[in-house]
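Respectively, the protein sequence lines represent chains A and B. Each residue of the first sequence is one higher than the one before, counting from 31 in the numbering used here. Each residue of the second sequence is one higher than the one before, counting from 88 in the numbering used here.
Calculated directly from the structure, the hints in this document are not laboratory data. Just so you know, even glycine gets a beta-carbon here, dropped at the ideal spot from N, CA and C. There's no promise every hint is true.
Covered stretches of chain B, as calculated for chain A (at least 3 residues, CB under 8 Å) [what the hints assert, rightly or not]:
| hint | segment |
| --- | --- |
| 1 | 124-134 |
| 2 | 146-152 |
Listing some non-contacts, in silico: residues in chain B with all C-beta distances to chain A over 10 Å [as the list claims (entries may be wrong)]:
| hint | residue |
| --- | --- |
| 3 | Gly-103 |
| 4 | Ala-111 |
| 5 | Ala-116 |
| 6 | Met-141 |
| 7 | Gln-168 |
| 8 | Lys-187 |
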Amino acid sequence: GAVVSQHPSRVICKSGTSVKIECRSLDFQATTMFWYRQFPKQSLMLMATSNEGSKATYEQGVEKDKFLINHASLTLSTLTVTSAHPEDSSFYICSALGTREQETQYFGPGTRLLVL
Amino acid sequence: GESVGLHLPTLSVQEGDNSIINCAYSNSASDYFIWYKQESGKGPQFIIDIRSNMDKRQGQRVTVLLNKTVKHLSLQIAATQPGDSAVYFCAEKRVSGTYKYIFGTGTRLKVLA
Numbered sequence: 031g032a033v034v035s036q037h038p039s040r041v042i043c044k045s046g047t048s049v050k051i052e053c054r055s056l057d058f059q060a061t062t063m064f065w066y067r068q069f070p071k072q073s074l075m076l077m078a079t080s081n082e083g084s085k086a087t088y089e090q091g092v093e094k095d096k097f098l099i100n101h102a103s104l105t106l107s108t109l110t111v112t113s114a115h116p117e118d119s120s121f122y123i124c125s126a127l128g129t130r131e132q133e134t135q136y137f138g139p140g141t142r143l144l145v146l
Numbered sequence: 088g089e090s091v092g093l094h095l096p097t098l099s100v101q102e103g104d105n106s107i108i109n110c111a112y113s114n115s116a117s118d119y120f121i122w123y124k125q126e127s128g129k130g131p132q133f134i135i136d137i138r139s140n141m142d143k144r145q146g147q148r149v150t151v152l153l154n155k156t157v158k159h160l161s162l163q164i165a166a167t168q169p170g171d172s173a174v175y176f177c178a179e180k181r182v183s184g185t186y187k188y189i190f191g192t193g194t195r196l197k198v199l200a
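Isolated chain B (complex conformation) (with noise of 0.2 Å):
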């Protein structure tokens, strides 16, 4: 099925340290992107979103930024702790008569003591 996709997988940092994730979107008709944070065996949980008028926001520790050139968003997570530990997805609004969201593949964060 279609996809966002994701350049990294599973992203390994230093308690304290500052994480980067990206990824890759399709659609350049796309106006509304979110992160969400995946805790094993849980339901996806909001972050931080953005629309397509603004090319950052940003959140208490999180970060996003949006490179509509590219097609490509981040997210930056201040401060790295272990309660980050997670899966990141972004996810992407499709319009099309009504609207529908579109994940990416996910990246692993593993925060090391």
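Bound conformation, chain A alone (with noise of 0.2 Å):
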């Protein structure tokens, strides 16, 4: 059990095109979700905090209009990054966290985004 999943594994867009990256909790539901960016040979840096239901919780330096999260399920985060750009180019991974052991984060396979 515990299992989530994130879609697209790759993808590859020109810069000023919008992606959007799916995360999904597949046998379990999850109020809230969390969004990592990772950079080559780097630590999961903490973007976003995604409740079901409600806004999100942005960490400092990351831009809201940018990377749009929404929580509209108890099975389903999305990220947006809006007119990406090659610094975009990153390893995004999203996290659940269970509803009975509440601590346990249940990690996504990660989603490997380059922008040309």
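Join the two chains into one complex using the hints; note that each chain is given alone, in its own frame.
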């Protein structure tokens, strides 16, 4: 149990376009999901906390208008990178908190974004 | 951004030896810590966790030690195997209204045959 999926796993887009990444909890409901960004050979940097039915909480330095987060249901959160630029190329990882063990994060497999 | 720091970016160990990966954290109010393993191109995988009311916790081949006095935790892997080669991160739970997890900088473990 406690499987989290992400779609797509890889995406290549042109500069200026928008890209949507989905994060789904497949066999449990998640009121809270987290979005991380990871550059090569670096750690995971928390971008925002996504709460079902409410606005996301963004970390300092993360542009809300550029990284749109929607958590419309208990099993789905989406991250949209708007007007993507090459510097947005990164590995984006989501995690979901289990409803039973509410401190345990279950991570998705990540999405590799390359902006040309 | 804020992070939990690690002392060693790369650790090479012989297969069969024990590995020790260290982590220093900065927030004395953090009450929950987790170690993750991340293989290339994948999401982090939970290894073991520990609460601040404990100083040691053991799992299968892994042990986590917590020293709150100096804000340090370590991950010990016994009889290191080739499959243990990965990047290891510590993370701490920060509570500020809701809570979030802050990751350390990571240590790459290389197991030498």
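Status of the hints after comparison with the structure:
{"no.": "1", "hint": "124-134", "result": "holds (count 6)"}
{"no.": "2", "hint": "146-152", "result": "violated (count 0)"}
{"no.": "3", "hint": "Gly-103", "result": "27 Å, holds"}
{"no.": "4", "hint": "Ala-111", "result": "14 Å, holds"}
{"no.": "5", "hint": "Ala-116", "result": "15 Å, holds"}
{"no.": "6", "hint": "Met-141", "result": "14 Å, holds"}
{"no.": "7", "hint": "Gln-168", "result": "22 Å, holds"}
{"no.": "8", "hint": "Lys-187", "result": "6 Å, violated"}
The earlier numbered hints that this structure contradicts are 2 and 8.
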